[in-house]
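**Q** Residue-level listing of the chains:
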Amino acid sequence: MNELQQQFVTEARELVRQATDDLISLERDSTSAAHIDRVFRAFHTLKGSAGVVELPAMTLLLHAAEDLLTAVRGGSVAANGEIVDLSLACLDQVSRWVDDFEEAAALPADAGEAARSMAERLRTFLPADNAAVVAPAPKVTAPVAKGETADWVVRLLDRSRDKIAEHLRSGTTTLHSIAYEPIPGCFFNGDDPLELMRQVPGLLAFHIEPREPFPPLAELDPYACNLRLQAIAASERDDIFKIFRMVPDQVRIATVPESALPSAPVSAKPAQDASLIHIVLEAQLELLRVTDKPEGLAGRIGAARRTALNALRSGGLTSIADAVERNDAVSDAIEQALAGLTTSTAPDTPRTDTGDRPAERMLRVSEDKIEALVNLAGELIVAKNALAHSVKATGGTGDAALRRDQDAIDRLVIELHGSILQLRMISVAQVFRSFPRLIRDVARQLNKTVNLVTQGENTEADKTIVDRLFEPMVHLVRNAVDHGIETPEQRSAAGKPEQATITIAASRAGDRFHVDVHDDGRGIDPSAIRRRAADKQLLPADELAALTDEHVIDLIFAAGFSTAETISDVSGRGIGMDVVRTAVERMGGRVTLASKVGAGTSVRLDMPMTISMSRIMVVQAGGQSFGISMDAVSETVRLSPDRINRIKNNEGFVLRDQVVPVVSLAELMRLPVNPAAASRLFLIAESGGRTAAFEIDAIGERLEVVLKPMQGLLSGARGYAGTTLLGNGQVLLVLDVKEIMP
Amino acid sequence: MTIRRADDGTIHLEGACPVEDAEPLLQLLLASPKSPVDWSQCQKPHTAVVQVLMAAGAVPTGPCGDGWIAKWL
Chain X
1 MNELQQQFVT EARELVRQAT DDLISLERDS TSAAHIDRVF RAFHTLKGSA GVVELPAMTL
61 LLHAAEDLLT AVRGGSVAAN GEIVDLSLAC LDQVSRWVDD FEEAAALPAD AGEAARSMAE
121 RLRTFLPADN AAVVAPAPKV TAPVAKGETA DWVVRLLDRS RDKIAEHLRS GTTTLHSIAY
181 EPIPGCFFNG DDPLELMRQV PGLLAFHIEP REPFPPLAEL DPYACNLRLQ AIAASERDDI
241 FKIFRMVPDQ VRIATVPESA LPSAPVSAKP AQDASLIHIV LEAQLELLRV TDKPEGLAGR
301 IGAARRTALN ALRSGGLTSI ADAVERNDAV SDAIEQALAG LTTSTAPDTP RTDTGDRPAE
361 RMLRVSEDKI EALVNLAGEL IVAKNALAHS VKATGGTGDA ALRRDQDAID RLVIELHGSI
421 LQLRMISVAQ VFRSFPRLIR DVARQLNKTV NLVTQGENTE ADKTIVDRLF EPMVHLVRNA
481 VDHGIETPEQ RSAAGKPEQA TITIAASRAG DRFHVDVHDD GRGIDPSAIR RRAADKQLLP
541 ADELAALTDE HVIDLIFAAG FSTAETISDV SGRGIGMDVV RTAVERMGGR VTLASKVGAG
601 TSVRLDMPMT ISMSRIMVVQ AGGQSFGISM DAVSETVRLS PDRINRIKNN EGFVLRDQVV
661 PVVSLAELMR LPVNPAAASR LFLIAESGGR TAAFEIDAIG ERLEVVLKPM QGLLSGARGY
721 AGTTLLGNGQ VLLVLDVKEI MP
Chain Y
1 MTIRRADDGT IHLEGACPVE DAEPLLQLLL ASPKSPVDWS QCQKPHTAVV QVLMAAGAVP
61 TGPCGDGWIA KWL
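One line per chain: the protein sequences are X and Y, in this order. Under our numbering, think of the first position of the first sequence as 1, with each following residue one higher. Under our numbering, think of the first position of the second sequence as 1, with each following residue one higher.
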């Protein structure tokens, strides 16, 4: 695939996503002109790009969709659910084709047929008369809002008022304005912007100017186009568009409204003033250049200065006038004033396409490169730890300079690592973006109406976390729509608005990252959970009876639990919430749930901001070192043997009124157990709501490490979270507390 | 070569001036910024060539050999 095609794939995906968002917003607020415009523009740009990479099937389909959107925009067709459905289906199709195109650089063989049949369906929504006259040629978006004409158009019209007046007397063709801003690299694409302009039929006015002021000649890049071409032409829009069909993204064609035509010179006065002042100043310069009559020079200088000042001041250009007054060299001053005049009245092309988000300047870097950088920084941390180890090995006799250097390297490495991890921080917006569509589809399927509110979309977290967030959130959101939210009838019977609200919010709390999913549905009834848990025999009856309501609700996270009375397409296959808990815990996170019968349910995912660095504690057991994540460690205690009770085969002790079972880490790892000492050391760990005391021989240092998942033969080994390299080159096994919990 | 400097210092643009001519034209103008430019024999100058003239603030003498350019620029 060449660069152009690659760019198309990236942009097309972005446009599909954007159009999807806007379509859903449009459905919510079907009268919003801004939404309609944006949807239209996205489809239009997509169509243009598909044309550039020569995908006729895609162009055909998008063209049909665009016709329908034109009708929606014109108000002859209402943007109802069906039209949104169909447009979304159209985007889905485009999205699949983009995938195919990326893979095979071509569309599948049946693409033409699929495009035709879908285009037919789209056209059935068009009003009869409209469907008949739909022109095969592409339509161009009119960026200028009604009743509003860009300043440059007014200026150009004014400049060519004679020609235009003549045209108006004889011709009947509508006038169109053409604003063409070639991209800087256009010369390399083989474009010759003037050549395109040359082909425009019925040209009435033309202007060319630099887009940015030209740099000094020595710095000019002759092959970077820095021009803006503007024109007024008496020709059909489609004819103009045909000429610019290869650069649809760089050109804006708009109809010149009659109100802007010279017969009604509304805002032409300032331009006229400026040009008048220009003429006056130039005449003064001319006067000063007359050198063959030296006798009257002093008088001429004075007169020229006065005239120039009067002209400038009458035009309200006092600052330029003041500059002229201060400058003794009159002709220089007037020349400068002329230059100032050109800039101050230079056509300021306003962005007419209101509602367009300003383009952020971004650098696209492939994920692999970032990943390589993260890995290198990780290794640098290991090297840093090794250095610390070596410095320590000098036994404190190492000189101060060495320690100072080591401190500096420590600090820099940590900072570097932090900044590199920042590169991996992305906002959750891209995950949140999928939900309006998902909720809409699920809700329509279930005949429910749901409004989605998203908050904190800009909250950032590590890419790995954000990527893995999607799966648990899909389960949560589906559950909320399917189980949480009542039917509109049930809702109105309960005195609630028929439209339910689901809120998805992301927020930061210290170095944690929270995602809350809240619905205002029926809430979870603990007694229903109790019944279900008893039916499924998840717990013995007596244990179940002893649980508090909060703990009972927690049971929905248990594997194999499903409360839905019927198994639906949407959710309720007996998996879901346990998947959520597993997925979140795998990221080092926690899930909590709060619910109130009749009022709704809130689920909070509490996750670390990054998972690349873990804080671990090194412990000794059975003569070996192990790492344990600090997140799981709540405290360490040293107890005399008499505090420990033996209950059958198990040991345990009471800590703050709670019985804590004892697990010997050495025994667990099948290592020789050290003979009992005067006091025993325990590490109290918590996971999944359970607490245990792991008996260890000694506690080592606390480290910030880059955890590598278990790989190769060991990847299936249970009980380990991963490995890390210690400063002395030793590989440390880091335990997964959740899996070794008794 | 469609860009050349005459003995009197005038820079001549002759025939079709394609995109490649932008660079030599720029070099000539850098070497002598005040040189007069004659484009009366020029046909269809490429946009890049016109851009160099604009950036240099050069006002070519005589009407451009290309009717469209002569009319609109």
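No lab work stands behind these hints: they were computed from the structure. Misleading hints may appear alongside valid ones.
As the list claims (entries may be wrong) - Calculated lysine-lysine pairs in the DSS-like style (CA-CA distance at most 25 Å, straight line):
| hint | chain 1 | residue 1 | chain 2 | residue 2 |
| --- | --- | --- | --- | --- |
| 1 | X | Lys536 | X | Lys596 |
| 2 | Y | Lys71 | X | Lys242 |
| 3 | X | Lys163 | Y | Lys71 |
| 4 | X | Lys369 | X | Lys708 |
| 5 | Y | Lys44 | Y | Lys34 |
| 6 | X | Lys738 | X | Lys708 |
| 7 | X | Lys242 | Y | Lys44 |
| 8 | X | Lys369 | X | Lys384 |
| 9 | X | Lys463 | X | Lys708 |
Remember, predicted model here, so these are calculated numbers, not experimental data.
**Q** Measure nothing beyond the straight line between the CA atoms of lysine 44 (chain Y) and lysine 34 (chain Y); if it is 25 Å or shorter, mark the hint as holding.
**A** 24 Å, holds
**Q** When you check the alpha-carbon spacing of lysine 163 (chain X) and lysine 71 (chain Y), does it fall within 25 Å?
**A** The given pair, whose Cα atoms are some 13 Å apart, holds under the 25 Å limit.
**Q** Taken at face value, is the distance from the CA of lysine 596 (chain X) to the CA of lysine 536 (chain X) at most 25 Å?
**A** 24 Å, holds
**Q** When you check the alpha-carbon spacing of lysine 71 (chain Y) and lysine 242 (chain X), does it fall within 25 Å?
**A** 24 Å, holds
**Q** Given the hint that lysine 369 (chain X) pairs with lysine 708 (chain X), test it: the Cα-Cα distance must not exceed 25 Å.
**A** 18 Å, holds
**Q** Take a quick look at whether lysine 463 (chain X) and lysine 708 (chain X) sit within 25 Å of each other, Cα to Cα.
**A** Roughly 16 Å between the alpha carbons, so the hint for lysine 463 (chain X) and lysine 708 (chain X) holds.
**Q** Compare the distance between the alpha carbons of lysine 242 (chain X) and lysine 44 (chain Y) with 25 Å, and conclude whether the hinted pair is satisfied.
**A** Status holds; Cα separation ~21 Å.
**Q** For the pair supplied as a hint, lysine 369 (chain X) and lysine 384 (chain X), confirm whether the alpha-carbon distance does not exceed 25 Å.
**A** 22 Å, holds
**Q** Assess, step by step, whether the Cα of lysine 738 (chain X) is no farther than 25 Å from the Cα of lysine 708 (chain X), and give holds or violated.
**A** Judged against 25 Å, a Cα distance of about 18 Å means the pair holds.
In summary, the structure agrees with every hint in the numbered list given earlier.
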